Amino acid sequence: MAINIDSKIPEGPVAEKWSNYKAHQRLVNPKNKLKLDVIVVGTGLAGASAAASLGEMGFNVLNFCIQDSPRRAHSIAAQGGINAAKNYQNDGDSVYRLFYDTVKGGDYRAREANVYRLAEVSNSIIDQCVAQGVPFAREYGGTLANRSFGGAQVSRTFYAKGQTGQQLLLGAYSALSAQVNAGKVKLYTRYEMLDVVIIDGKARGIIAKNLVTGKLERFSANAVVIATGGYGNTYFLSTNAMGCNCTAAMSCYRKGAYFANPCYVQIHPTCIPVHGDKQSKLTLMSESLRNDGRIWVPKKLEDAKALQAGTKEGWEIPEEDRDYYLERRYPAFGNLVPRDVASRAAKERCDKGFGVNNTGLAVYLDFSESIQRLGIDVIRQRYGNLFDMYEEITDVNPGEKRATVNGMDYYNPMMIFPAIHYTMGGIWVDYELQTSIPGLFAIGECNFSDHGANRLGASALMQGLADGYFVLPYTIQNYLADQSIWPRISTDAPEFAEVEKATEERIQKLMNIKGKRSVDSIHKELGHICWEYIGMGRTKEGLEKGIKLIDELRKEFDTNLFIPGNREGLNVELDKAIHLDDFITMGKLIAYDALSREESCGGHFREEHQTEEGEAKRDDKNFFYVGCWKYQGNDATAPELIKEPLEYEAIKVQTRNYKN
Amino acid sequence: MAEKVLKSFTVKYWKQNGPKDAGHFEEKVMKDIPGDTSFLEMLDILNEQLIEEGKEPFVFDHDCREGICGMCSLYINGTPHGKTERGATTCQLYMRKFNEGDTITIEPWRSAGFPVIKDCMVDRTAFDKIIQAGGYTTVRTGAPQDANAILIPKEDADEAMDCASCIGCGACVAACKNGSAMLFVSSKVSQLALLPQGRVEAARRAKAMVAKMDELGFGNCTNTRACEAVCPKCETIANIARLNREFIKAKLAD
Amino acid sequence: MWLCNSSIGRKVIMSVSGLALILFLTFHGCMNVVALFSAEAYNQICELLGSNWYAIAATCALAALMAIHIIYAFILTFQNRKARGNNKYAITDKPKAVEWASQNMLVLGIIVCLGLILHLHDFWANMMWAEIAGVEHDIAPTDGFGWIKYTFSNPIFAALYLVWIVAIWFHLTHGFWSALQTLGMSGHTWFLRWKCIGYIWSTVVMAMFAIVVIAFAVCPDILGGAGGKVVPFWM
Numbered sequence: 007m008a009i010n011i012d013s014k015i016p017e018g019p020v021a022e023k024w025s026n027y028k029a030h031q032r033l034v035n036p037k038n039k040l041k042l043d044v045i046v047v048g049t050g051l052a053g054a055s056a057a058a059s060l061g062e063m064g065f066n067v068l069n070f071c072i073q074d075s076p077r078r079a080h081s082i083a084a085q086g087g088i089n090a091a092k093n094y095q096n097d098g099d100s101v102y103r104l105f106y107d108t109v110k111g112g113d114y115r116a117r118e119a120n121v122y123r124l125a126e127v128s129n130s131i132i133d134q135c136v137a138q139g140v141p142f143a144r145e146y147g148g149t150l151a152n153r154s155f156g157g158a159q160v161s162r163t164f165y166a167k168g169q170t171g172q173q174l175l176l177g178a179y180s181a182l183s184a185q186v187n188a189g190k191v192k193l194y195t196r197y198e199m200l201d202v203v204i205i206d207g208k209a210r211g212i213i214a215k216n217l218v219t220g221k222l223e224r225f226s227a228n229a230v231v232i233a234t235g236g237y238g239n240t241y242f243l244s245t246n247a248m249g250c251n252c253t254a255a256m257s258c259y260r261k262g263a264y265f266a267n268p269c270y271v272q273i274h275p276t277c278i279p280v281h282g283d284k285q286s287k288l289t290l291m292s293e294s295l296r297n298d299g300r301i302w303v304p305k306k307l308e309d310a311k312a313l314q315a316g317t318k319e320g321w322e323i324p325e326e327d328r329d330y331y332l333e334r335r336y337p338a339f340g341n342l343v344p345r346d347v348a349s350r351a352a353k354e355r356c357d358k359g360f361g362v363n364n365t366g367l368a369v370y371l372d373f374s375e376s377i378q379r380l381g382i383d384v385i386r387q388r389y390g391n392l393f394d395m396y397e398e399i400t401d402v403n404p405g406e407k408r409a410t411v412n413g414m415d416y417y418n419p420m421m422i423f424p425a426i427h428y429t430m431g432g433i434w435v436d437y438e439l440q441t442s443i444p445g446l447f448a449i450g451e452c453n454f455s456d457h458g459a460n461r462l463g464a465s466a467l468m469q470g471l472a473d474g475y476f477v478l479p480y481t482i483q484n485y486l487a488d489q490s491i492w493p494r495i496s497t498d499a500p501e502f503a504e505v506e507k508a509t510e511e512r513i514q515k516l517m518n519i520k521g522k523r524s525v526d527s528i529h530k531e532l533g534h535i536c537w538e539y540i541g542m543g544r545t546k547e548g549l550e551k552g553i554k555l556i557d558e559l560r561k562e563f564d565t566n567l568f569i570p571g572n573r574e575g576l577n578v579e580l581d582k583a584i585h586l587d588d589f590i591t592m593g594k595l596i597a598y599d600a601l602s603r604e605e606s607c608g609g610h611f612r613e614e615h616q617t618e619e620g621e622a623k624r625d626d627k628n629f630f631y632v633g634c635w636k637y638q639g640n641d642a643t644a645p646e647l648i649k650e651p652l653e654y655e656a657i658k659v660q661t662r663n664y665k666n
Numbered sequence: 012m013a014e015k016v017l018k019s020f021t022v023k024y025w026k027q028n029g030p031k032d033a034g035h036f037e038e039k040v041m042k043d044i045p046g047d048t049s050f051l052e053m054l055d056i057l058n059e060q061l062i063e064e065g066k067e068p069f070v071f072d073h074d075c076r077e078g079i080c081g082m083c084s085l086y087i088n089g090t091p092h093g094k095t096e097r098g099a100t101t102c103q104l105y106m107r108k109f110n111e112g113d114t115i116t117i118e119p120w121r122s123a124g125f126p127v128i129k130d131c132m133v134d135r136t137a138f139d140k141i142i143q144a145g146g147y148t149t150v151r152t153g154a155p156q157d158a159n160a161i162l163i164p165k166e167d168a169d170e171a172m173d174c175a176s177c178i179g180c181g182a183c184v185a186a187c188k189n190g191s192a193m194l195f196v197s198s199k200v201s202q203l204a205l206l207p208q209g210r211v212e213a214a215r216r217a218k219a220m221v222a223k224m225d226e227l228g229f230g231n232c233t234n235t236r237a238c239e240a241v242c243p244k245c246e247t248i249a250n251i252a253r254l255n256r257e258f259i260k261a262k263l264a265d
Numbered sequence: 003m004w005l006c007n008s009s010i011g012r013k014v015i016m017s018v019s020g021l022a023l024i025l026f027l028t029f030h031g032c033m034n035v036v037a038l039f040s041a042e043a044y045n046q047i048c049e050l051l052g053s054n055w056y057a058i059a060a061t062c063a064l065a066a067l068m069a070i071h072i073i074y075a076f077i078l079t080f081q082n083r084k085a086r087g088n089n090k091y092a093i094t095d096k097p098k099a100v101e102w103a104s105q106n107m108l109v110l111g112i113i114v115c116l117g118l119i120l121h122l123h124d125f126w127a128n129m130m131w132a133e134i135a136g137v138e139h140d141i142a143p144t145d146g147f148g149w150i151k152y153t154f155s156n157p158i159f160a161a162l163y164l165v166w167i168v169a170i171w172f173h174l175t176h177g178f179w180s181a182l183q184t185l186g187m188s189g190h191t192w193f194l195r196w197k198c199i200g201y202i203w204s205t206v207v208m209a210m211f212a213i214v215v216i217a218f219a220v221c222p223d224i225l226g227g228a229g230g231k232v233v234p235f236w237m
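Residue numbers (our numbering), protein chains in the order written: chain A, 7 to 666; chain B, 12 to 265; chain C, 3 to 237.
For the record, the hints were derived by calculation from the structure and aren't laboratory data.
Be careful, since some hints might not be right.
Said to hold, decoys possible - Per the computed footprint, the stretches of chain C lying under chain B, defined by three or more beta-carbons under 8 Å from a beta-carbon of chain B, are:
| hint | region |
| --- | --- |
| 1 | 57-67 |
| 2 | 126-136 |
To be verified - With a straight-line Cα cutoff of 27 Å, these simulated DSS-like cross-link-like pairs (lysine-lysine) come out:
| hint | chain 1 | residue 1 | chain 2 | residue 2 |
| --- | --- | --- | --- | --- |
| 3 | A | Lys520 | B | Lys260 |
| 4 | B | Lys42 | B | Lys31 |
| 5 | C | Lys151 | B | Lys188 |
| 6 | A | Lys41 | A | Lys23 |
| 7 | C | Lys197 | B | Lys260 |
| 8 | C | Lys151 | B | Lys94 |
| 9 | B | Lys94 | A | Lys520 |
| 10 | A | Lys658 | A | Lys546 |
| 11 | B | Lys188 | A | Lys284 |
| 12 | A | Lys520 | B | Lys26 |
| 13 | A | Lys561 | B | Lys188 |
| 14 | A | Lys23 | A | Lys658 |
| 15 | B | Lys108 | A | Lys407 |
| 16 | B | Lys260 | A | Lys284 |
| 17 | A | Lys507 | A | Lys546 |
Only a predicted model underlies this, so the values are computations on that prediction, with no experimental measurement involved.
For glycine and all other residues, C-beta sits at the position ideal for the given N, C-alpha and C.
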């Protein structure tokens, strides 16, 4: 292979790599820091924490976000918690165990050294957040409380009610605000990065659109960090916020940054099902519901038909006619199997016609048994807010008793269905979180590094903050160390002019299509294609068809898009069109990766590659690598696959088993 | 379950081209909207129709649509975020709460502190500036001691959590006849004042944040309680009392 | 000075002056009730609070307090109007928890001021001022009882005073807890307690005023104790 990928993993045993790295990396002296500018795009957990930490160190930081305030970033919506190997519960947790669980949960497709570092810094994150005034839940004795989460045998998840992401983000936001006040971070809100500027092979700045005035503006810096989140909204319906997009990431990809493992998309099993074609997004119901809720569909097809027709309701189906399929298939883990397994099992039942709502795409999550066992008060104490939320959205109260038959109480079951939630894939980065373009870094969900093929619950927050507070601020110095000798690059440089012109042309092209279809209508179609052919169960034929359909949709987009309003000023539809332009490219990239990965692992399930029981079948012999995709100059040409082989020294690669 | 469908109702929405424009209402009759459509999805449908007619869509802020990001900010039928039994944001409002033949009036947050950018999208950067003035603990990355080194009574941690639930949407300012930002400011001051980590700078913080709030032109609180009545996260004026206490204490100590 | 140039400081001024005025009202109300029982006792109090230096000094202090309260009310309202901006909502739906009084303190305050002018004209000008300036009337300046009887013999005056008292009551029901809230002496539990105490306090104080007005308007002749003997008006 012509291109060799250097992941820059430091020497030494896995447990010493990070210490070794820090001991030998280059640092920037305090005076030189004042001369160096860093652009950070995004203000989520990763972006805000990185901007705050870099500013505090002395760098001049320019921080961008598309919303009206850094505090709106979608990290805020994370509910469950954040993992750390504190072992406060004395249940035998350790850095190694967190590392091991994360690698195993990721179906052995993550880079060992990165994951170990993540586990290693996890404890500092908790210390940092507590010092910032994050009100984590506490015991009566005043110490921090923990809860357990999927994929682990210990209680290591720290939480702040069901709003952990919000509290962690507000912590990072407050640290960021302190640096803005100190003059070390300059904040640009309602700005969207549209392209990265490369000068002499190094990332030297960005072109950003001021979303209020509509003008393109140039910003130069010594390094560019993107922290712009995942690409889940490619599927139109997801648990992502409406504004989440992959435009910044795609612009880096188009400029030559490799995109790694795009096919690893996490589908969360407990979301409120789609209720109609007018729906704009999906709402996640916390995974914790699976602790006391039992998932089922009817045993008899005629019952399912009646449910779909609306002539029957869930509570009317007696116990003996219910199929608790997770308990049936996975007796050891039951309803608590990992997300990817639970999602696929739901899809399998619905594909067989056992779906329980009018679309046939929903399964039941039933609390009857636990309410009868523990009482409604206990259940409400645990899940009251979720029950309320569910009722708010669906008008059905899961705590309402409907019948008692043979001593068995029947309550309204909840309806749930899997939905796109998180993307493990992302911009390829080396150990230093630097992309394949020097000076361009990617952190948080935006990069691919730590979760392998599947992310465990409460690990996303951990990774975002680890990257932003504790990893990037070090590793970026190794790059910046020799940058201070160069004068500041003027935004008048021809490279800036060139990229700005290209960006303007791209926008003009979109404005000038003047077709008939709205952005959303095309996006919805893209979502349908992706969900159908590049979703939970993938096949060679399906993926090929998906690619073909996306190509057709691309043509439709290029010729029949309609953007109302003007180029100047605030134009929401124009911004959405730019996002969609990139989502279409992204969708195809997911399909390419999924097609090339002839195995099933984690969030990627190829129906050709499953065991007789329908479980994912990995192929470690042929696919034990990170799939990196290199752009070939235009969207029409298929990207080139470059493989970064994985090397495991500390962990023995095994088959995941959740049955016994 | 037979889901309610709203056969016909009128949406009266505010159009305004920038902060200087006088602005006006426009109306559109919506047909056959299922009750399980969220309010913002109803507006998505409205916008689709406008775009089909070749018109510019109605602009409003929204993002997570889960009630947590604080972006959505519509003043619906005289109440910020619309009227619900439980605290909820605009995005958590469902059409089944409305009736056939209703006229739903949608306005932006109207307060001098929140100038209109376009239609119902307003500029809330003033809130960021207030936080920047002091809504944090000064702590270096990587410097803190072990998270369990300082014990915090559960009650204090829980109360701090309640104060920290504020999503910074600005409904409190929108509802206040004085355009006061006290509920917002006091929630942050309270959260940090309740925790030992935040106590160190409590006096400095209270003074700095109030000074910034005043400088930005927010009004004086006259305890009408309109803010807590509309707060989607149920913040209470007990926070405002605490802010007053912290501020007066700080000033008397000077 | 933080009391003048911070929003909370200005509110502290309103609170402290307001609380002092409530205290004054309480004393005034207690004093009035005496008139129901004994004209002599009442007039003794009037004499005590006549044109003595301490009474004049206290009156001046009271006037200053009043002036500060009023001036700040206007300053705050002006600032709040500005903060609120010129754009009015087309529709506003007042939440249940929001009390009418809390949103109309200035209007109530203006009514209270108008009532005050009437009151100063009816009593203070004829009593303390008459004494200081040496103005002569049919009723002696020290005969407070006589002035009460004279004033409320006119039913229009009695009615105006009752309206005034109701306005003050509304003003106090909000003002009381609001002042303590502003001073930071409130919280989840104390808010409800202060509110309750405030309602009871303002009702009792205002009832004391109202009873005197009603009693003198309805049955002036049985009040004040005939021949120095204390005879309650209901007997």
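For the pair supplied as a hint, Lys197 of chain C and Lys260 of chain B, confirm whether the alpha-carbon distance does not exceed 27 Å.
23 Å, holds
CA of Lys151 of chain C to CA of Lys94 of chain B, is that 27 Å or under?
Violated, at roughly 53 Å.
Take the C-alpha atoms of Lys94 of chain B and Lys520 of chain A, compute the straight-line distance between them, and say whether it is at most 27 Å.
40 Å, violated
Would you check the hint for Lys520 of chain A and Lys26 of chain B, treating anything up to 27 Å between C-alpha atoms as holding?
This hinted pair holds, its Cα atoms lying about 24 Å apart.
Do the alpha carbons of Lys188 of chain B and Lys284 of chain A lie within 27 Å of each other, as the hint requires?
Violated, at roughly 37 Å.
Would you check the hint for Lys520 of chain A and Lys260 of chain B, treating anything up to 27 Å between C-alpha atoms as holding?
63 Å, violated
Checking one constraint from the list: CA of Lys507 of chain A to CA of Lys546 of chain A, max 27 Å. Satisfied?
This hinted pair is violated, its Cα atoms lying about 40 Å apart.
Cβ contact check, 8 Å cutoff: the region 57-67 of chain C against chain B, three residues minimum:
Coverage by chain B is violated for the region 57-67 of chain C (0 residues, Cβ < 8 Å).
Given hint Lys188 of chain B paired with Lys151 of chain C - CA-CA distance at most 27 Å
Violated, at about 43 Å.
Hey, Lys23 of chain A versus Lys658 of chain A, does the alpha-carbon distance stay inside 27 Å?
19 Å, holds
Count the residues of the region 126-136 of chain C whose CB lies closer than 8 Å to any CB of chain B, then report whether that count reaches three.
With 0 residues in contact (Cβ-Cβ under 8 Å with chain B), the coverage given for the region 126-136 of chain C is violated.
Is it true that the CA of Lys42 of chain B sits at most 27 Å from the CA of Lys31 of chain B?
It is violated: about 34 Å lies between the C-alpha atoms, which goes past 27 Å.
Comparing the model with each earlier hint shows violations of hints 1, 2, 3, 4, 5, 6, 8, 9, 10, 11, 13, 16 and 17; every other hint is respected.
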